[in-house]
Every structure is written in C-alpha cells, then in structure tokens.
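**Q** One letter stands for each residue in the lines below.
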Amino acid sequence: MLRKKIEPYLFLAPALAVLLIVFAYPVFRLLILSFQRPTAGKLHFVGITNYKAILNDDVFLQAVRNNLALLICVPIMVVVALLLAIFLFERIRGWQFYRTTLFLPYLLPIAVVGLIFSYIFQLSGVLNDFLTAIGLSGLALDWLGSTRLALPTLMFVIIWKEVGFGIVLFLARLMSVEEDLFDAAKIDGANWWQLQWHVTVPQLAAVIEFFTIVSIITMLSWVFSYVYVMTGGGPGNSTMVTELFIYLTGFRYNQMNIASAVAVLLLLVTGVFIFLELRLRENSAIVEAVE
Amino acid sequence: MKSRYGFQYWFGMSVRQILVIFATLLSLFPVYFMAVSSFKTKSEYIANKWGLPSSLNWANFQTALAGEKFFVRFANSTILTVGSVVVSLIIACLAAYAFARMEFYGKRTLFNVILSLMVVPPVVMIIPLFVTMVRWHLVNTYQGTIIIYTGLLLPFSIYLMTNFFRAIPREIIEAARIDGCSNLGIFWRIMMPLSAPAVVTLIVVNALWVWNELLIALVFMQKDELKTLMVGISALRSRNYVDIPATMAGLLVATIPIVIVYIFGQRFFIRGLTGGAVK
Amino acid sequence: MRIVFRSLLALALIGILSTACAPAPATQPPVAQPTSAPQQPQATEAPAQPTAAPAEPVKLVVWWWGEQEAPGAQKWLDETIAAYKTAHPNVEIEAVLQSTDALIPSFQAAAAAKEGPDIQYFWGGVWTLENAWSGAIVPVDDLIPASERDNYINNFEREYSGKLWGVPWYLSGNPMVFNPKLFTQAGLDPKNPPATWEDLKAACTKLTAAGITPISGGLKDGWFGGWLFSILARQTHDSEKEFMDASVGNAKFTDPAFAEWWARIKELKDAGCWNKDINSVDYQQGQDMFVQGKSAMIFGNDTFLKGWSDTIGWDNMDVMMVPTYADKKLAQTYVVTAQGWGITSWSKHPKESADFLMFMHTPDRLNAWFKYTGVLPADKRMDTSLIDQPILKKIYGWDTTVAGPNLENFIPSMLDEQSNFAGTQLLFSGDKTPEELAQMAEDVITKWREQNPDQLANFQAWSQ
Numbered sequence: 001m002l003r004k005k006i007e008p009y010l011f012l013a014p015a016l017a018v019l020l021i022v023f024a025y026p027v028f029r030l031l032i033l034s035f036q037r038p039t040a041g042k043l044h045f046v047g048i049t050n051y052k053a054i055l056n057d058d059v060f061l062q063a064v065r066n067n068l069a070l071l072i073c074v075p076i077m078v079v080v081a082l083l084l085a086i087f088l089f090e091r092i093r094g095w096q097f098y099r100t101t102l103f104l105p106y107l108l109p110i111a112v113v114g115l116i117f118s119y120i121f122q123l124s125g126v127l128n129d130f131l132t133a134i135g136l137s138g139l140a141l142d143w144l145g146s147t148r149l150a151l152p153t154l155m156f157v158i159i160w161k162e163v164g165f166g167i168v169l170f171l172a173r174l175m176s177v178e179e180d181l182f183d184a185a186k187i188d189g190a191n192w193w194q195l196q197w198h199v200t201v202p203q204l205a206a207v208i209e210f211f212t213i214v215s216i217i218t219m220l221s222w223v224f225s226y227v228y229v230m231t232g233g234g235p236g237n238s239t240m241v242t243e244l245f246i247y248l249t250g251f252r253y254n255q256m257n258i259a260s261a262v263a264v265l266l267l268l269v270t271g272v273f274i275f276l277e278l279r280l281r282e283n284s285a286i287v288e289a290v291e
Numbered sequence: 001m002k003s004r005y006g007f008q009y010w011f012g013m014s015v016r017q018i019l020v021i022f023a024t025l026l027s028l029f030p031v032y033f034m035a036v037s038s039f040k041t042k043s044e045y046i047a048n049k050w051g052l053p054s055s056l057n058w059a060n061f062q063t064a065l066a067g068e069k070f071f072v073r074f075a076n077s078t079i080l081t082v083g084s085v086v087v088s089l090i091i092a093c094l095a096a097y098a099f100a101r102m103e104f105y106g107k108r109t110l111f112n113v114i115l116s117l118m119v120v121p122p123v124v125m126i127i128p129l130f131v132t133m134v135r136w137h138l139v140n141t142y143q144g145t146i147i148i149y150t151g152l153l154l155p156f157s158i159y160l161m162t163n164f165f166r167a168i169p170r171e172i173i174e175a176a177r178i179d180g181c182s183n184l185g186i187f188w189r190i191m192m193p194l195s196a197p198a199v200v201t202l203i204v205v206n207a208l209w210v211w212n213e214l215l216i217a218l219v220f221m222q223k224d225e226l227k228t229l230m231v232g233i234s235a236l237r238s239r240n241y242v243d244i245p246a247t248m249a250g251l252l253v254a255t256i257p258i259v260i261v262y263i264f265g266q267r268f269f270i271r272g273l274t275g276g277a278v279k
Numbered sequence: 001m002r003i004v005f006r007s008l009l010a011l012a013l014i015g016i017l018s019t020a021c022a023p024a025p026a027t028q029p030p031v032a033q034p035t036s037a038p039q040q041p042q043a044t045e046a047p048a049q050p051t052a053a054p055a056e057p058v059k060l061v062v063w064w065w066g067e068q069e070a071p072g073a074q075k076w077l078d079e080t081i082a083a084y085k086t087a088h089p090n091v092e093i094e095a096v097l098q099s100t101d102a103l104i105p106s107f108q109a110a111a112a113a114k115e116g117p118d119i120q121y122f123w124g125g126v127w128t129l130e131n132a133w134s135g136a137i138v139p140v141d142d143l144i145p146a147s148e149r150d151n152y153i154n155n156f157e158r159e160y161s162g163k164l165w166g167v168p169w170y171l172s173g174n175p176m177v178f179n180p181k182l183f184t185q186a187g188l189d190p191k192n193p194p195a196t197w198e199d200l201k202a203a204c205t206k207l208t209a210a211g212i213t214p215i216s217g218g219l220k221d222g223w224f225g226g227w228l229f230s231i232l233a234r235q236t237h238d239s240e241k242e243f244m245d246a247s248v249g250n251a252k253f254t255d256p257a258f259a260e261w262w263a264r265i266k267e268l269k270d271a272g273c274w275n276k277d278i279n280s281v282d283y284q285q286g287q288d289m290f291v292q293g294k295s296a297m298i299f300g301n302d303t304f305l306k307g308w309s310d311t312i313g314w315d316n317m318d319v320m321m322v323p324t325y326a327d328k329k330l331a332q333t334y335v336v337t338a339q340g341w342g343i344t345s346w347s348k349h350p351k352e353s354a355d356f357l358m359f360m361h362t363p364d365r366l367n368a369w370f371k372y373t374g375v376l377p378a379d380k381r382m383d384t385s386l387i388d389q390p391i392l393k394k395i396y397g398w399d400t401t402v403a404g405p406n407l408e409n410f411i412p413s414m415l416d417e418q419s420n421f422a423g424t425q426l427l428f429s430g431d432k433t434p435e436e437l438a439q440m441a442e443d444v445i446t447k448w449r450e451q452n453p454d455q456l457a458n459f460q461a462w463s464q
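Sequence lines, in order, name chains A, B and C.
Counting from 1, position 27 in the first sequence corresponds to residue 27 in this note's numbering; the numbering is continuous, with no gaps.
Counting from 1, position 188 in the second sequence corresponds to residue 188 in this note's numbering; the numbering is continuous, with no gaps.
Counting from 1, position 77 in the third sequence corresponds to residue 77 in this note's numbering; the numbering is continuous, with no gaps.
Just so you know, the hints here were simulated from the structure itself, not pulled from any lab data.
As the structure is a computational prediction, the values presented were derived from the model and not from experiment.
Among the hints, erroneous ones may be present.
[To be verified] Using C-beta positions, here's what the derived DEER-type ranges look like:
1. C:K181 - A:L139: 44 to 52 Å
2. C:E56 - B:V113: 19 to 27 Å
3. A:N191 - B:E174: 31 to 39 Å
4. C:E56 - B:D224: 20 to 28 Å
[To be verified] Computed list of lysine-lysine pairs in DSBU-like fashion (alpha-carbon distance at most 30 Å, straight line):
5. B:K223 - C:K75
6. B:K42 - C:K393
7. B:K223 - C:K114
C-beta: ideal position from N, C-alpha, C; glycine also.
Given only the sequences and the hints, what does the whole structure look like? Please build it.
**A** Put into structure tokens, the structure is as follows:
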C-alpha cells in the first residue's frame with residue numbers, strides 16, 4: 001500500500017510548497033538576525049544579547065502586558081457571537097437583514113473603523129455629547145486620552161469588529177446541524193437555555209474552539225492596525241502592543257536585530273501555546289467523538 | 001411552536017429584537033458616516049462631521065479615484081484578490097482533507113507548525129520577503145504578490161477547513177469509499193459540497209483580507225500601473241494630514257464590491273436554511 | 001453566482017478532476033498546477049533594472065513623498081520629468097509616490113535587496129544620515145559641483161564626515177500661526193503678538209476670558225509631541241550639537257537646560273492655554289480647530305499655510321515667531337528643515353541621478369514649485385518677486401535670515417518616540433510631572449546607548 005502512504009503527502013504538497021517559499025527564508029533570517037548586531041555597518045553574532053535587552057525594556061514589557069490584557073476580549077467575543085448567531089438561526093423577524101448588517105463591521109477596512117471610533121470616543125466626541133445630554137456628564141471621560149481608559153476603549157472596538165466573523169462562522173456551522181437534534185430536545189421538554197447548552201454548544205464545539213484560537217492569535221499578533229490607527233500606542237505607551245513595538249523598533253529606531261528577537265519570542269510563545277492547546281485537545285472527549 | 005411558548009415566546013423575541021437592533025445600529029453607524037462624509041467638502045466636513053451634506057459634492061470621488069486610474073487599480077485589486085483566494089482555497093482544502101481524514105507520519109507536528117505560522121506578523125516579514133522576491137524576480141508581478149498572499153492565508157484557511165471537514169460524519173465517507181471513490185473523488189464530490197457554507201465563509205473572509213491589505217501591496221506592487229485600490233486611497237494620508245472626505249469616498253467605493261460578494265455568498269446559507277426549514 | 005463559483009473551482013481543479021475516481025499516479029503529483037512555484041521571470045519586470053548596456057538608454061527610478069504635505073508636488077514632479085525627458089531623450093524616469101506608512105519600510109526592504117530606487121526621498125538629519133551610515137546612500141560631493149551646492153538651503157542637516165549626503169528639495173518650517181480677528185476680539189493687539197512666555201500666558205488668560213481656546217493641538221498620534229520638543233526645547237541652547245552631546249552621554253537630559261521645556265509646557269497647560277481634548281485628538285484635528293476659527297493660535301507648519309488660507313482666508317491668519325522663555329541662540333531662530341533627496345549606493349546611474357536633481361534646482365523649476373505648492377524651495381535662486389503674499393514673505397525672510405535646526409532630526413528616533421511623544425501625552429494626562437519626564441528621557445537615552453553601540457558610535461562621530 002505504498003500509494004496509501006504517499007497519498008496524504010500529495011494532498012499536502014502544494015500547501016507545503018507555498019508555505020516554504022513564503023515563510024522559510026523570512027523565519028530563518030529572523031532567527032539569524034536575532035542573534036546578531038551591527039558594528040561599523042557589519043553584522044556580528046552576539047549570542048542572546050538582543051533577547052536580554054528586550055527583556056529589560058520597559059516598553060516591551062508593557063506591550064506584552066497589553067497583549068495579555070487583550071485576551072479578555074476573547075471570551076466576550078465568543079459569547080456575543082454565539083448569542084447573535086443563535087438569534088439569527090432562530091429566524092427572528094428580519095434576520096435576513098440583520099445577517100448582512102451584523103457582518104458589516106467585519107467588512108469595513110480597519111482604517112475607517114479606527115477613524116470613526118476615534119471621533120466617537122474623543123473627549124469632545126459624540127459619546128460624551130450624548131452622555132452629557134442625558135445628564136450623565138460624570139461618565140463623560142477621556143476615553144482615548146487617559147492612560148487608564150485607552151486600552152479598554154480599544155478592546156471595545158476590536159470586539160465590535162471581530163464579532164461579525166464569529167457570527168458568520170457559527171451560523172455557517174449551525175446550518176449543517178441536523179434539525180432532528182433540536183426537535184428531539186424540544187420534545188424532551190428542554191427549555192431554551194438547556195437546548196443551547198445541550199445541543200447547540202456541543203454541536204458547535206469544534207467551531208467555537210477554532211474561533212477561540214483564531215481570536216487569541218488575533219489578540220497576540222494581528223491587532224497592529226487597530227492600535228496604529230486609533231491610539232498609536234499612546235497615551236504614554238498605555239496601548240503599546242508587541243507588533244507596534246516590532247514595527248517601531250525595526251523601522252523607526254532602525255534596530256532590525258532587536259525587532260527580530262521580539263518576533264522570534266512571539267513565535268516561540270505562541271508555538272508553546274498551540275502545543276499546550278493540542279495536548280489539551282487530545283484529552284478532550286468532544287473531539288474524540290467527532291474524529 | 002408559537003402556542004407552546006405564548007407570552008414567554010413574545011417576550012423572548014422582543015428582548016432578542018432589541019439586542020439585535022442595538023447591534024445593528026452600532027454596525028450601521030460607520031457606514032452612514034462614510035457615506036455622508038464622502039459628499040462633503042473639506043471645510044463642510046470640519047464644520048459638520050455627523051450631519052447630512054448640504055449638497056452632493058462628487059469632487060471627492062474624482063480625487064479618490066484618481067480619474068482613469070481607478071479602473072486599473074480596481075482591476076489590480078480584483079486580480080490579486082481572486083487569484084490568491086482561489087489558489088489558497090484549493091490548496092488549503094486539499095491539505096485540510098489530509099489533516100482531517102487521512103493518517104500519516106508527522107501529522108500533528110506538521111499541523112502545529114502550520115498553525116503557529118499564523119502568528120508571524122507580516123510586519124517582520126516584509127524585508128526578508130522582499131529579498132526573496134527580488135531573487136526570484138517576482139517584485140512588481142501579480143504572481144509574486146499572489147504567492148505571498150496565498151502563503152499568509154494558508155495557515156488560517158487550512159485550520160478552518162480542517163475544522164469543518166472533521167465535522168462531516170465518517171459514515172458518509174465510508175459509504176462513498178465502498179462505492180469505489182478514491183480520496184480525490186471523496187474530496188471533490190462529498191467534502192467540498194457538504195462544506196459549502198464554510199467554503200463561502202472562507203472565500204469572503206480571505207477576499208476581504210486581501211482586498212483591504214495595505215503593507216504588502218504597498219511594498220510589492222510599486223509601479224503605478226500595478227497599484228491596488230487601497231494603496232491608491234491610502235496615498236492621500238500623511239503623517240499629520242488626511243483628506244478625510246476624499247479618503248471616505250474612496251473607501252466607500254472600495255467597500256461596495258466586497259459587500260456585493262458577501263450578499264451573493266449568502267445565497268449559499270439561504271439554501272442551507274430553507275433545506276432545513278422544509279422538513 | 002453559484003454557477004460562477006462552481007465554474008471557477010471546476011476550472012482550477014480540472015486537472016484533479018480528470019483523475020477523480022481513479023488511482024493517482026504517485027510519480028505525478030495531481031495538484032501541482034495551482035501552486036506553480038515561482039514562475040520564470042517574464043522578461044525583466046523587476047523595479048529598477050537599469051539596462052546594463054553601456055551609456056545610451058538610462059532608466060531612473062524615483063521613490064518619493066511630499067504630495068501629502070505639499071499638495072501640487074505631484075503635478076510639479078510630473079512636469080519636471082517631462083521637461084527633463086525632452087532635454088534628455090535617452091533618460092526615462094519612473095516616479096513612485098510612496099504612502100506615509102510605507103516610505104521607510106519600502107526603502108529598507110530595497111536596501112536589503114540592493115534593488116529599488118536610484119533616487120529616494122528623505123527627511124533631514126538623522127532620517128538621511130542613518131542611511132549614509134548603513135551604506136544605502138552615497139555622498140553627492142563628487143557628483144554636484146560646489147558652486148551649485150552653495151545655493152541650496154539647509155545643507156548642514158545632510159552633512160557628515162565632511163560630505164553632503166543628499167540634496168535639499170523644499171523647506172518645512174514651524175511658525176506660530178494666529179488669528180488676528182480673535183486676538184482683537186479678546187482685546188489683544190494683532191500687530192504685536194506675544195513675544196515672551198509671560199506675554200503668551202497673559203494672552204491665554206485674555207483669550208480664555210473671551211471664551212476662545214487660546215492654543216489648539218492634538219497629541220494622540222504622537223508627532224506633535226516631537227514638534228513641541230523641536231520648537232520649545234531649543235530655547236535654552238545654542239546649538240543642536242548640545243542635544244547630540246547629551247544623546248551620546250556627555251550631558252544629561254535631567255540637566256536644567258534639557259529639562260526646562262517640560263516645565264514650560266506644564267506652565268502653558270496650567271495657564272489654560274490648550275484645548276482640553278488635546279490628548280484624545282490627533283494633530284490634524286488640533287489644526288482644524290484653528291481653521292474653523294475656534295482657537296486663536298497653533299504651532300503650525302508652513303507647508304500647510306496655503307491650504308489653510310483656502311478655508312479661513314489669508315486675512316484671518318498671521319504668523320509670528322514662537323514666544324521665548326530663554327535667551328540662548330536657538331531661542332531666536334525659526335525652526336526649519338529641508339526635505340530632500342538621496343542617491344542610492346546600488347544605483348547604476350549616480351551621475352544621471354545627480355543631473356536630474358540639479359535640474360530640479362534650475363530657476364524655472366524652482367519658481368514653478370512655489371507656484372504650484374505655495375511652499376518655498378530649498379534654494380536661494382528662486383525669484384523672490386513671486387512671493388506676493390505678506391505672510392509667505394515673512395516666512396521666506398525667516399528661512400533666509402534666522403533659520404535654526406529642527407531638533408527632532410538630531411536625536412535618536414527612540415528618544416523622540418518614547419520620550420517626546422509619550423512624555424507630552426503623559427504630561428497632559430497628568431500621569432507624570434516635568435521632573436519625572438526629564439528622568440524618563442534620560443532613562444530612554446541610556447537604554448538607547450546600551451542597545452545600540454553601533455548607532456552610538458555614529459552619533460559620536462556625527463557630533464564632532
């Protein structure tokens with residue numbers, strides 16, 4: 001059965017070829033650069049000096065803390081997306097319309113979203129005008145201009161935009177769930193919450209897991225545009241994230257070697273995280289049932 | 001069903017309506033802003049950010065679309081988007097089938113490695129990728145940029161499709177196998193049609209990403225006749241000056257095709273829905 | 001749509017389908033097509049592949065920026081290229097306008113690959129010289145005669161180890177712009193705008209009493225913090241060299257002369273000079289407040305003057321030197337920098353590139369530049385009779401008599417970003433005091449020295 005042994009690799013071959021072309025050299029170069037430093041325009045190996053430097057860098061540590069704080073968005077996004085997807089699946093009045101509108105934020109370029117929310121959240125912006133008008137001027141805070149609030153404000157916008165993807169994803173999966181499963185549960189007298197908990201969630205388990213992991217990765221390494229457009233990392237580094245740190249270090253401070261070390265660290269940390277996740281998944285009953 | 005729930009049903013539905021309407025308003029506001037801003041003059045915009053424009057001023061569209069260049073840029077964006085979405089979809093689905101339904105040596109490790117590639121931020125890849133592409137003479141070519149986009153889309157796409165393929169019951173596959181189908185036959189005749197909603201989702205999400213992508217398009221498509229729509233629009237921005245009405249006009253025009261693709265893609269969902277409702 | 005989608009997939013999968021229910025031969029991967037690993041280059045489509053053939057046809061690639069701050073630049077450059085082509089039919093010039101976000105990443109990528117533009121746009125000072133240090137650009141001394149170079153304004157920003165590393169293009173200066181009408185309204189004399197710090201604070205009080213925001217600005221996007229540094233921190237110094245000295249460790253940023261500007265901004269803040277939302281709006285929104293007539297003064301940029309006048313009218317604005325709080329040499333200067341060009345080290349046509357840059361400095365081109373953009377070219381040979389706007393006349397006078405350095409171009413970018421950008425935000429958010437901010441600046445520069453022995457060495461050589 002030589003064919004059976006080789007066949008999987010044939011299915012994989014095109015993907016691996018493209019991944020090699022795109023990632024192999026860049027990742028290899030990052031690795032090399034991260035152990036080097038320039039002296040008089042020439043690069044020399046300096047061991048782990050760059051890594052030591054970043055681990056002592058306040059701004060980098062702040063960026064890491066902020067990335068970790070952003071992870072709070074993940075459970076919120078999952079729950080909100082799940083609820084809205086279920087509502088749509090239940091065909092509430094006008095669901096066809098909502099299905100389009102709720103996905104709109106995800107369709108819009110981040111540049112638009114960032115700009116508009118900047119105006120909404122600035123000290124003299126729409127939100128505060130509104131709060132003052134309804135007599136809640138005490139709540140009219142400097143959402144983007146204070147070091148305490150800027151990060152939570154950013155989180156709101158990220159959730160707002162990324163939730164659309166979760167809705168569509170969950171809805172797509174719900175479409176292929178056997179209708180009988182719901183009917184059977186209803187006949188058993190399950191109330192709404194029980195129905196969701198015992199039928200919907202288990203059926204969606206794999207997709208929920210997928211969305212969770214993708215969202216975690218988003219929070220760790222795909223939030224650059226949000227930060228760049230909305231706060232630029234400020235005020236005073238309070239919204240600095242690793243990607244922006246890499247960008248500034250590499251392109252603005254001209255320290256490609258240190259930027260590379262940060263990128264390698266990011267890759268390592270996420271690699272470990274994915275490894276742990278998969279370990280966890282091996283022990284999970286749900287996935288075994290599906291496989 | 002309705003009679004069974006009675007008051008509770010209507011109450012529940014009202015709560016849902018309120019929540020969904022709130023979410024919808026939040027979603028529509030930016031679109032409104034984009035639409036009204038694109039018709040304002042610069043000074044009108046400064047004086048009146050949120051209201052309706054006093055008159056329909058089409059000059060912004062002219063600025064943003066850079067006249068006759070618009071169609072060239074639109075075509076470039078389309079070529080890159082269709083190219084990388086189609087190529088990455090096919091490649092990713094094949095790989096996902098192997099991961100979901102085949103056994104082979106090194107499966108888990110390979111899957112993990114591919115997954116972790118998702119975290120390499122494009123920002124750090126620019127310089128080494130440029131060096132690679134120069135070496136292959138692929139800078140300023142559609143093929144080169146499509147390869148880069150495909151590579152960046154693959155980890156995510158493979159992961160998504162593996163996830164959906166796994167949900168397809170084994171019995172169906174075994175039945176097909178008994179009918180004498182090879183793996184490719186199963187892949188094409190069973191896996192792909194059954195995963196239509198996932199495929200559409202992937203197409204939309206990937207198309208969206210490529211269409212809106214800026215950094216790679218900027219660096220790898222330098223020639224004027226190769227620039228994409230988003231690059232054309234973003235050229236209006238400076239480090240401390242933005243022509244917002246013109247930018248909004250451009251973004252509005254650039255977003256419309258994507259919305260259309262999504263609305264058409266939804267037909268696949270509708271098919272799935274009515275299929276279930278008929279029962 | 002479904003049909004389109006299907007046929008697309010079918011098309012792409014046609015090769016696979018043919019073997020759908022038959023064993024796939026192991027030797028021939030069934031799905032090789034879609035990947036089609038990097039195809040052979042079609043002819044030479046690479047960006048800057050000047051023909052290697054000797055002499056004859058020359059192709060120059062120009063990567064530039066500037067339309068964004070000097071609208072009209074594009075029109076001027078197109079015209080200049082066309083005119084140059086008429087005179088030199090063998091030279092083809094391709095100009096690529098870079099977006100702000102990609103200007104530096106694109107060039108660094110090109111430098112790593114040693115392929116890209118022949119002529120690249122650079123901001124002054126460290127922005128240019130970093131590329132000299134890394135070997136990406138060449139000096140122009142041997143390419144452009146001294147008699148020509150002497151006409152350029154602000155060459156000193158591009159000088160290192162006795163050589164000139166680029167060609168200035170146009171001038172970008174930082175006047176204080178004010179609204180005479182609002183001044184009158186608040187009982188201030190627009191003919192005698194505030195000249196000292198005490199005057200300025202007194203003006204703030206009067207304007208506030210009249211219900212007018214005295215000065216507007218926006219710190220959210222950071223850059224304005226750097227401008228404030230350039231405009232204010234210089235007043236206690238005689239030369240930009242002092243900042244280079246402090247950067248390399250010969251002085252401390254906690255020394256009174258370096259720390260004072262933080263306290264001076266705080267004074268303005270405490271005197272109610274600034275818009276309250278300064279921390280949550282970006283620089284442009286700060287400008288917009290002035291253009292709408294809502295604030296009386298801004299720390300402006302002279303490349304925008306013409307654009308502002310379109311909205312608010314020349315009558316409703318005037319310019320003044322920044323009020324002073326100290327009397328060192330730089331306090332009396334007008335902050336100005338020349339944006340300019342460099343010739344790349346991998347260019348196969350440095351001579352032709354230099355010739356094109358000199359063509360940009362011919363009188364006809366200089367005058368056209370001013371006509372199209374309302375921005376002053378960095379060259380003494382412009383026909384000054386063209387400047388008919390009194391405000392622009394003032395600017396030209398300052399440019400040619402009291403020009404001073406833009407300090408942002410003479411410090412490491414890390415200090416600018418992590419101390420000036422972040423620091424001004426922290427000052428206005430009330431998180432840090434001037435003393436703490438001075439300490440923060442010193443901490444950042446110490447970190448910079450530790451992390452960058454190579455850049456440190458370059459700065460040391462430069463500050464000599």
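**Q** Does each hint hold? Answer for all of them.
**A** A quick look at each hint next to the structure:
1. Our hint of 44 to 52 Å for C:K181 and A:L139 is violated, since their Cβ atoms are close to 36 Å apart.
2. Between C:E56 and B:V113 the beta carbon distance is about 51 Å. The supplied range of 19 to 27 Å is therefore violated.
3. Remark: the range hint 31 to 39 Å for A:N191 to B:E174 is upheld by a beta-carbon distance near 37 Å.
4. Between C:E56 and B:D224 the Cβ separation comes to about 25 Å, which falls inside the hinted range of 20 to 28 Å.
5. Simply put, B:K223 and C:K75 have alpha-carbon atoms about 18 Å apart, close enough for the 30 Å limit, and the pair holds.
6. Proposed proximity of B:K42 and C:K393 is supported: the alpha carbons are some 27 Å apart, at most 30 Å.
7. Taking the CA atoms of B:K223 and C:K114, the gap is near 17 Å; set against the 30 Å cutoff, the hint holds.
When each numbered hint is compared with the structure, violations occur for hints 1 and 2.
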